[in-house]
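S.K.: From just these sequences and the hints, can you work out the full model?
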Amino acid sequence: MADEVVLLDFWPSPFGMRVRIALAEKGIKYEYREEDLKNKSPLLLQMNPVHKKIPVLIHKGKPICESLIAVQYIDEVWSDTNPLLPSHPYQRAQARFWADYVDKKIYDLGGKIWQTKGEEKEAAKKEFTEALKLLEEELGDKAYFGGDNLGFLDIAFVPFYTWFRGYEPFGILNIESECPKFIAWANRCLQKESVAKSVPDQDKIHEFIVDIRKKLGIE
Amino acid sequence: MAKDGEVQLFGVRGSPFAGRVQVALELKGVQYTYFEEDLRNKSDLLLKYNPIHKKVPVLVHNGRPLAESLVILQYIDETWGNHPIFPQHPYHRALARFWSSFIDDKCLPAITKAAFTANKEEREKGSEESLEALQFLENELKHKFFGGESIGIVDIAAGFIAFWLPAIEEAVGLKLLSSEKFPKLSKWSEEYTNHPVVKENLPQRERVVGFFKARYASIVASK
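These protein sequences, in sequence, are chains A and B. Taken in order, the first sequence gives residues 1 to 219; the numbers are from the UniProt record's numbering. Taken in order, the second sequence gives residues 1 to 223; the numbers are from the UniProt record's numbering.
For the record, the hints were derived by calculation from the structure and aren't laboratory data. The reader is advised that the hints may include incorrect statements.
[Said to hold, decoys possible] Capping the alpha-carbon separation at 35 Å, the derived lysine-lysine pairs in DSBU-like fashion look like this:
{"hint": "1", "chain 1": "B", "residue 1": "Lys55", "chain 2": "A", "residue 2": "Lys40"}
{"hint": "2", "chain 1": "A", "residue 1": "Lys104", "chain 2": "A", "residue 2": "Lys29"}
{"hint": "3", "chain 1": "B", "residue 1": "Lys113", "chain 2": "A", "residue 2": "Lys181"}
{"hint": "4", "chain 1": "A", "residue 1": "Lys112", "chain 2": "B", "residue 2": "Lys54"}
{"hint": "5", "chain 1": "B", "residue 1": "Lys120", "chain 2": "A", "residue 2": "Lys52"}
{"hint": "6", "chain 1": "A", "residue 1": "Lys53", "chain 2": "B", "residue 2": "Lys113"}
{"hint": "7", "chain 1": "B", "residue 1": "Lys142", "chain 2": "A", "residue 2": "Lys53"}
{"hint": "8", "chain 1": "A", "residue 1": "Lys104", "chain 2": "B", "residue 2": "Lys125"}
{"hint": "9", "chain 1": "A", "residue 1": "Lys40", "chain 2": "A", "residue 2": "Lys60"}
{"hint": "10", "chain 1": "A", "residue 1": "Lys121", "chain 2": "B", "residue 2": "Lys106"}
{"hint": "11", "chain 1": "A", "residue 1": "Lys40", "chain 2": "B", "residue 2": "Lys113"}
{"hint": "12", "chain 1": "B", "residue 1": "Lys106", "chain 2": "A", "residue 2": "Lys197"}
{"hint": "13", "chain 1": "A", "residue 1": "Lys53", "chain 2": "B", "residue 2": "Lys55"}
These numbers come from a predicted model, not from an experiment.
M.R.: Shown next, in the form of structure tokens:
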């Protein structure tokens with residue numbers, strides 16, 4: 001019980017997926033607790049009073065909030081297996097920089113694509129495709145952003161792929177032709193057990209998005 | 001080559017973000033060359049070193065560029081081990097990262113909204129959000145500094161609140177960081193801005209107030 005690890009999460013959250021993947025990469029056993037975001041548990045509100053959001057990693061009763069912070073924490077505590085961050089400070093800084101870029105660009109732009117219409121949507125699609133291309137450049141010829149193995153940036157980025165597939169029908173976003181390298185990389189990641197078991201079924205995500213669009217009144 | 005290697009910092013006098021990097025480098029006694037940028041006419045070097053965001057600060061170490069102040073601060077701490085600004089224990093490191101991000105993701109946008117929005121309702125909302133954010137910081141402060149007895153990464157990130165926020169308050173006629181509401185944070189502001197390394201690297205207050213006054217005037221004029 002002393003080493004108890006609990007994850008407060010919400011199944012479609014790409015941020016939650018990041019932490020799930022990191023835990024799986026390290027082979028850490030943990031208790032997964034599904035949160036109802038319309039009815040947040042007292043535990044969530046107690047553990048993350050500042051943001052009241054998931055994911056929250058709880059280790060030995062102490063909360064770690066914000067997905068990228070939790071992934072780094074996992075890497076530093078369980079440092080003896082599968083390092084997620086590079087060992088050289090410069091590469092580590094680059095990984096952090098790009099993960100921050102994913103947070104600043106991908107999530108917001110992706111959301112705009114499936115939630116807006118007309119000019120706003122077109123502008124978001126353009127910026128989004130540009131962002132993907134920049135990330136493709138960063139990947140280069142490597143199998144993963146982390147090199148031969150899954151690393152911090154792969155973990156930060158791949159969960160969003162499940163959402164892209166989910167909003168492709170709505171976004172009319174043909175990333176397959178624009179960013180083939182990105183698609184190849186994402187599929188390579190999905191072959192990994194840690195990723196495959198941490199991301200929900202594509203159909204479920206799609207259904208979830210259909211649902212939200214209905215609720216938001218977007219046809 | 002000097003023991004530190006070649007270190008260059010691209011910044012703007014008065015930028016709180018570039019200021020963070022300067023404090024960290026000075027604390028650790030790292031020799032560096034400073035390049036002042038004109039943001040209306042960015043240098044080719046800046047655009048080459050930070051093509052993604054095209055912003056300052058950029059740290060270049062032995063020809064390798066890095067952007068984003070919090071990323072740079074961690075890099076500096078990992079490269080120059082003296083005078084650590086980051087805790088050792090993973091849990092405390094996670095907290096340090098959390099609070100530094102909180103300053104950038106919550107405090108700064110709220111303060112900007114409170115001061116530099118044309119719409120009155122938005123400004124009031126911004127003030128509310130700012131007070132809420134400052135309260136979280138007030139509650140978090142348990143020692144002389146966020147870093148304990150000496151300044152750490154959260155103090156350096158929060159430098160904005162210690163120096164730039166009061167300048168904004170003066171420029172636009174706003175009062176957020178009062179000593180009645182935030183006694184610990186107010187005292188911390190004084191301690192931080194009087195720290196010898198910090199003090200030496202702060203920009204001239206009148207210039208910063210002037211800058212914010214001009215910014216405020218342009219927002220009001222655009223109504």
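S.K.: Hint compliance check: list the failing hint numbers for this structure, sorted ascending.
M.R.: As far as the earlier hints go, 1, 3 are violated by this structure, in ascending order.
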